[in-house]
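Peer 1: Sequence:
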Amino acid sequence: QVHLVESGGGLVQPGGSLRLSCAASGSTSATQSMGWHRQAPGKQRELVAGISVSIGSTTNYADSVKGRFIISRDNADDMLYLQMNNLKPEDTAVYYCCLVTVDLQTYWGPGLQVTVSS
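Taking the working numbering, the leading residue of the sequence shown gets 1, the next gets one more, and so forth.
By construction, these hints were calculated from the structure, which means they are not laboratory data.
Not one of these hints is a red herring.
Simulated crosslink set (DSSO-like; lysine-lysine; CA at most 27 Å straight-line):
#1 K43 with K88
#2 K66 with K88
#3 K66 with K43
Simulated DEER-style distance windows between Cβ atoms:
#4 Q105 with P14: 33 to 39 Å
#5 K66 with P14: 16 to 22 Å
#6 R45 with G8: 14 to 20 Å
#7 G8 with L47: 17 to 23 Å
#8 S17 with T59: 16 to 22 Å
#9 S118 with S57: 31 to 37 Å
#10 A30 with N86: 31 to 37 Å
Idealized CB from N, CA, C, for every residue including glycine.
Given these sequences and hints, build the entire structure.
Peer 2: Written out as structure tokens, the structure reads:
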């Protein structure tokens with residue numbers, strides 16, 4: 001079992017920045033990749049950014065956040081981060097941390113709210 005807990009969300013003005021963190025615990029040795037998803041009211045959950053867990057980790061981003069968001073991982077501490085810059089109102093959503101194992105089990109954090117508003 002894997003347990004994920006997000007932190008760092010909140011209210012920020014347009015153009016501002018937030019850094020989300022996700023702490024992973026439990027059976028994390030079988031991690032294949034981790035990522036951040038988000039779900040806005042009335043919309044489907046979508047992938048924001050992902051990162052593979054290997055030497056030379058590769059990353060991928062939704063087109064809507066490229067150049068503004070940066071995903072990173074601290075393998076030693078089992079932490080996942082999402083640095084969000086130049087935030088826009090359309091980034092408002094509940095953000096979820098996820099972890100995928102090598103046998104393709106997916107675990108989710110409870111999610112946290114990010115609101116971009118003046």
